[in-house]
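Residue-level listing of the chains:
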Amino acid sequence: DAGITQSPRHKVTETGTPVTLRCHQTENHRYMYWYRQDPGHGLRLIHYSYGVKDTDKGEVSDGYSVSRSKTEDFLLTLESATSSQTSVYFCAIRRDTSNEQFFGPGTRLTVL
Amino acid sequence: TQLLEQSPQFLSIQEGENLTVYCNSSSVFSSLQWYRQEPGEGPVLLVTVVTGGEVKKLKRLTFQFGDARKDSSLHITAAQPGDTGLYLCAGERSGNTPLVFGKGTRLSVIA
Numbered sequence: 047d048a049g050i051t052q053s054p055r056h057k058v059t060e061t062g063t064p065v066t067l068r069c070h071q072t073e074n075h076r077y078m079y080w081y082r083q084d085p086g087h088g089l090r091l092i093h094y095s096y097g098v099k100d101t102d103k104g105e106v107s108d109g110y111s112v113s114r115s116k117t118e119d120f121l122l123t124l125e126s127a128t129s130s131q132t133s134v135y136f137c138a139i140r141r142d143t144s145n146e147q148f149f150g151p152g153t154r155l156t157v158l
Numbered sequence: 131t132q133l134l135e136q137s138p139q140f141l142s143i144q145e146g147e148n149l150t151v152y153c154n155s156s157s158v159f160s161s162l163q164w165y166r167q168e169p170g171e172g173p174v175l176l177v178t179v180v181t182g183g184e185v186k187k188l189k190r191l192t193f194q195f196g197d198a199r200k201d202s203s204l205h206i207t208a209a210q211p212g213d214t215g216l217y218l219c220a221g222e223r224s225g226n227t228p229l230v231f232g233k234g235t236r237l238s239v240i241a
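Residue numbers (our numbering), protein chains in the order written: chain A, 47 to 158; chain B, 131 to 241.
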């Protein structure tokens, strides 16, 4: 258990509304990641962070933004949610000494 | 283009059977990881292989990294219903670059 929590665990929202998902870690790891998982596509990287205020885009970053104002929290924001963003979102951390990742329990987001 | 191809995509077998799933690429990886994911949960790391030709065993699971570090396999001996899940491979290309994930093999072991 790498001490990763995600909130909320489930959310239903309407098209066009803003949504923020939170990932919280208790072990002060430098690297944090946001993925989405969809049938037929596997895990796809949205954004990642390599330190406070240091973030970079992944392969499916359009429509998403992130912020990391403190080590323990990594926020994912959908500025204006669309139905194509219905998915399960996973946060992960990477231990500083290796590239092994440890995942949170996921957030199931439905955009109607 | 999918950098890591996993096969088969789906596998349904009877309890007690053996199986092998594959993770293939045309790219070289500095390490490769295998994860298992159960429904409603996040992926859980099973093993990391680093050296070409390396073999690691985890109880009934045997992981092998190809000599050229472009592919890997996972062999399960005497599968049990508890092995059911989505198996994901992930490759590290270099240093601090993000992992590349395959799409996974969904295994169902029927009692």
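Don't read these hints as lab results, they were simulated from the structure.
Check each hint, because a few of them may be wrong.
[Stated by the list, open to error] Restricting the straight-line Cα-Cα distance to at most 27 Å, the calculated cross-link-like pairs of lysine-lysine (DSSO-like) are:
| hint | chain 1 | residue 1 | chain 2 | residue 2 |
| --- | --- | --- | --- | --- |
| 1 | B | K187 | A | K57 |
| 2 | B | K200 | B | K189 |
| 3 | B | K233 | B | K186 |
| 4 | B | K200 | B | K233 |
| 5 | B | K187 | B | K200 |
| 6 | A | K103 | B | K189 |
| 7 | A | K116 | A | K99 |
| 8 | B | K187 | A | K103 |
| 9 | B | K200 | B | K186 |
[Said to hold, decoys possible] Here are the computed distance ranges between Cβ atoms for each label pair:
| hint | chain 1 | residue 1 | chain 2 | residue 2 | range |
| --- | --- | --- | --- | --- | --- |
| 10 | B | G170 | A | P64 | 40 to 48 Å |
| 11 | B | E147 | A | T128 | 40 to 48 Å |
| 12 | B | T150 | A | T143 | 25 to 33 Å |
| 13 | A | K99 | B | V174 | 44 to 52 Å |
[Claimed, not checked] Negatives, chain B to chain A, calculated, CB over 12 Å:
| hint | residue |
| --- | --- |
| 14 | Y152 |
| 15 | V158 |
| 16 | G170 |
| 17 | Q194 |
| 18 | K200 |
| 19 | R236 |
| 20 | A241 |
If you're wondering where the values come from, they're calculated on a predicted model, not measured in any experiment.
Using N, Cα and C, we set each Cβ at its ideal position, and we do this for glycine too.
Now the hints, each set against the structure:
1. For the proposed pair K187 (chain B) and K57 (chain A), the alpha carbon gap of about 40 Å is over 27 Å, so the pair is violated.
2. Distance check on the hinted pair: K200 (chain B) and K189 (chain B) sit about 25 Å apart at the alpha-carbon level, within 27 Å; holds.
3. For the hint pairing K233 (chain B) with K186 (chain B), the CA-to-CA distance comes to about 22 Å; that is within 27 Å, so the pair holds.
4. Restraint check for K200 (chain B) and K233 (chain B): satisfied, since their Cα atoms lie roughly 16 Å apart, inside the 27 Å limit.
5. Annotation: proposed proximity of K187 (chain B) to K200 (chain B) holds, straight-line Cα distance about 19 Å (limit 27 Å).
6. For the hint pairing K103 (chain A) with K189 (chain B), the CA-to-CA distance comes to about 38 Å; that exceeds 27 Å, so the pair is violated.
7. With a CA separation close to 8 Å, the supplied pair K116 (chain A) and K99 (chain A) stays within the 27 Å bound.
8. About 35 Å separates the Cα atoms of K187 (chain B) and K103 (chain A), which puts this hinted pair outside 27 Å; it is violated.
9. For the hint pairing K200 (chain B) with K186 (chain B), the CA-to-CA distance comes to about 17 Å; that is within 27 Å, so the pair holds.
10. Distance hint check: the CB atoms of G170 (chain B) and P64 (chain A) are about 26 Å apart, inconsistent with the given range 40 to 48 Å.
11. Separated by about 43 Å at the C-beta atoms, E147 (chain B) and T128 (chain A) satisfy the suggested range of 40 to 48 Å.
12. Hint check: T150 (chain B) to T143 (chain A), Cβ distance near 31 Å, so the stated range 25 to 33 Å holds.
13. Hint check: K99 (chain A) to V174 (chain B), Cβ distance near 30 Å, so the stated range 44 to 52 Å is violated.
14. With a cut of 12 Å on Cβ distances, Y152 (chain B) stays outside the contact zone with chain A, its closest approach being about 15 Å.
15. Every CB of chain A lies more than 12 Å from the CB of V158 (chain B), the least distance being 15 Å, so the non-interface label holds.
16. Separation of G170 (chain B) from chain A is inadequate, the least Cβ-Cβ distance of about 8 Å not exceeding the 12 Å criterion.
17. Residue-level check passed: Q194 (chain B) sits 18 Å from the nearest beta carbon of chain A, beyond 12 Å.
18. Once the 12 Å rule is applied to beta carbons, K200 (chain B) is consistent with being away from chain A; the minimum gap is 17 Å.
19. A beta-carbon of chain A comes within 12 Å of the beta-carbon of R236 (chain B); the shortest separation is about 10 Å.
20. No Cβ of chain A comes within 12 Å of the Cβ of A241 (chain B); the nearest lies about 25 Å off, and the non-interface call holds.
Checked against the numbered hints given earlier, this structure breaks hints 1, 6, 8, 10, 13, 16 and 19; the rest are met.
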